[in-house]
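Residue numbers (the working numbering), protein chains in the order written: chain A, 0 to 283; chain B, 0 to 283.
Hints in this document: simulated from the structure, not taken from any laboratory. Among the hints, a few may not be true.
Treat identical chains as interchangeable: a pair holds within one or across any two.
In silico DSS-like links for lysine-lysine, alpha-carbon gap of 27 Å or less [said to hold, decoys possible]:
#1 K220 / K275
#2 K25 / K278
#3 K220 / K22
#4 K250 / K275
#5 K278 / K57
#6 K275 / K108
#7 K200 / K220
#8 K53 / K82
#9 K66 / K32
Number of protein chains: 2
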Amino acid sequence: MGAIIKGKPVADSISEGIILEVKELKERNIIPKLVAVRVGENESDLSYERGAFKRCSKVGIEMEVKKFPGSISEEEFIAEIKKLNDDKSVNGILVFRPLPKQLSEDNIKYIISPEKDIDCLSPINVAKLMENDNTGFVPCTPSAVMEILKYYNVDIAGKNVVIIGRSMLVGKPISILLLNENATVTICHSQTRDISMFSSKADIVIVGVGKANMIDESYIKEGAIVIDVGINICSNGKLCGDVNTDRCFNKASMITPVPSGVGSVTTSVLVKHVIKACKLQNNV
Amino acid sequence: MGAIIKGKPVADSISEGIILEVKELKERNIIPKLVAVRVGENESDLSYERGAFKRCSKVGIEMEVKKFPGSISEEEFIAEIKKLNDDKSVNGILVFRPLPKQLSEDNIKYIISPEKDIDCLSPINVAKLMENDNTGFVPCTPSAVMEILKYYNVDIAGKNVVIIGRSMLVGKPISILLLNENATVTICHSQTRDISMFSSKADIVIVGVGKANMIDESYIKEGAIVIDVGINICSNGKLCGDVNTDRCFNKASMITPVPSGVGSVTTSVLVKHVIKACKLQNNV
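Could you build the full structure based on these sequences and the hints that come with them?
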């Protein structure tokens with residue numbers, strides 16, 4: 000019978016560390032600051048924003064939201080990002096994505112300062128991830144997965160890890176992070192002929208595909224660790240993950256729930272990245 | 000019994016295509032040009048340089064070598080790279096690596112123009128690889144592996160591919176390229192507990208670890224396709240790969256030799272990248 004491993008204790012543990020770091024920074028008159036850049040009034044952006052605000056105020060980080068109308072031109076938007084790049088009081092910039100159509104992420108990713116790009120929009124940070132250069136910033140969700148594995152003392156080196164999903168925000172970066180930590184990594188996806196053939200042999204299964212309850216007990220081996228990165232609206236209208244937790248619970252040794260799993264850790268990772276950026280910028 | 004699949008026909012086929020492209024470019028008064036940047040007199044650099052020269056003259060691409068003394072300072076070196084960036088007659092820049100100690104690759108990679116960086120030194124090209132943006136340049140060796148698979152009509156989508164080795168020049172980029180082509184990809188390395196457990200189930204095995212003859216028939220399944228990226232000096236003083244070709248030959252369906260395998264394709268890929276750079280720079 001498996002243990003449900005929740006995100007909250009992980010988030011709390013990260014926050015505790017951050018609170019001490021913020022205290023030390025403030026003693027040097029450095030006030031860490033995050034700016035979230037939001038275009039329009041997307042509900043999922045607003046929800047993440049509220050969570051980030053709560054987390055920042057808890058740990059003592061200043062947070063400001065720059066709100067722009069959904070109709071902002073790319074030229075104006077780029078000018079605003081440049082202002083934030085140049086503003087020395089700003090340590091981290093979080094741009095809510097996806098952006099409306101007239102704003103090309105492919106143009107904006109080259110504008111944001113890599114040093115302030117705490118959610119890995121800039122190609123410089125994508126390359127640093129690939130090169131295992133830890134002066135960069137990894138996207139918050141993959142980073143949250145790594146924090147969960149560390150908090151629950153999951154040994155990664157030499158383990159057989161199967162990742163289901165190959166997106167730029169989840170599957171690809173997680174596979175590189177785990178590879179850098181010496182896991183043997185297999186990446187499965189929609190074109191994989193028989194995902195369960197791979198995942199049912201894995202010590203750790205990480206799922207991020209966006210299909211509600213896709214993974215049942217036939218996909219995992221006895222004692223596997225299962226991390227569910229999916230967030231879907233189920234037929235009953237409630238939030239659910241890509242993993243059918245009820246059906247996998249008895250077979251897995253540890254399993255993250257949805258909600259209250261990976262998603263609960265992302266804002267803590269976000270503030271952790273702000274502190275990292277702040278320290279690098281101030282040579283602390 | 001397997002077929003030895005050599006690099007030469009692949010290289011010749013690429014060159015044939017390039018010759019036509021060069022002809023078309025010259026009709027528009029565009030003369031594609033590669034500059035190789037060499038510091039010191041490293042024998043493997045010189046050998047690659049000779050191969051590149053031969054290939055360039057065969058396909059009609061201009062090639063120049065900028066030679067610098069092993070003692071050149073980083074400041075001078077960077078100034079030289081910037082000159083090449085600014086020189087409109089230069090379409091591709093190849094920097095021989097590794098560089099001597101006083102020249103930090105980590106600094107120089109930010110200097111080279113991504114548009115001319117035909118061997119993927121720049122982080123912009125590393126990120127484009129990761130993001131499956133084909134306006135970038137992939138390192139020549141992984142690119143050569145893909146060309147071989149395509150030339151010999153190896154179906155990649157949905158196949159179980161095991162990559163042994165996780166270097167920035169071979170294993171990591173190849174895994175991303177294969178993932179982008181819909182393979183199910185597993186990356187094994189020195190910390191993998193039992194590599195053969197993974198590789199012996201794979202449809203395609205790609206090896207780049209730098210250990211002479213490490214892979215014998217126990218590592219592959221009947222009918223597997225085996226691509227050997229290793230180049231080592233064996234105990235008998237001859238060149239050999241990471242795969243023991245003699246022992247795997249009967250079990251594999253196709254296997255690349257060393258020498259005359261992947262290595263024979265890299266200069267063709269190099270000139271292909273020069274043409275791509277030239278066309279992008281001239282909006283052709």
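Against the structure, the hints:
1. K220 / K275: Classified as neither: same-chain Cα gap 37 Å, cross-chain 47 Å, threshold 27 Å.
2. K25 / K278: within (12 Å within a copy, 53 Å between copies)
3. K220 / K22: neither (45 Å within a copy, 58 Å between copies)
4. K250 / K275: neither (38 Å within a copy, 52 Å between copies)
5. K278 / K57: within (19 Å within a copy, 54 Å between copies)
6. K275 / K108: both (20 Å within a copy, 24 Å between copies)
7. K200 / K220: both (6 Å within a copy, 18 Å between copies)
8. K53 / K82: Only inside one copy: K53 and K82 sit 25 Å apart there, 51 Å across copies, limit 27 Å.
9. K66 / K32: Only inside one copy: K66 and K32 sit 16 Å apart there, 48 Å across copies, limit 27 Å.
Comparing the model with each earlier hint shows violations of hints 1, 3 and 4; every other hint is respected.
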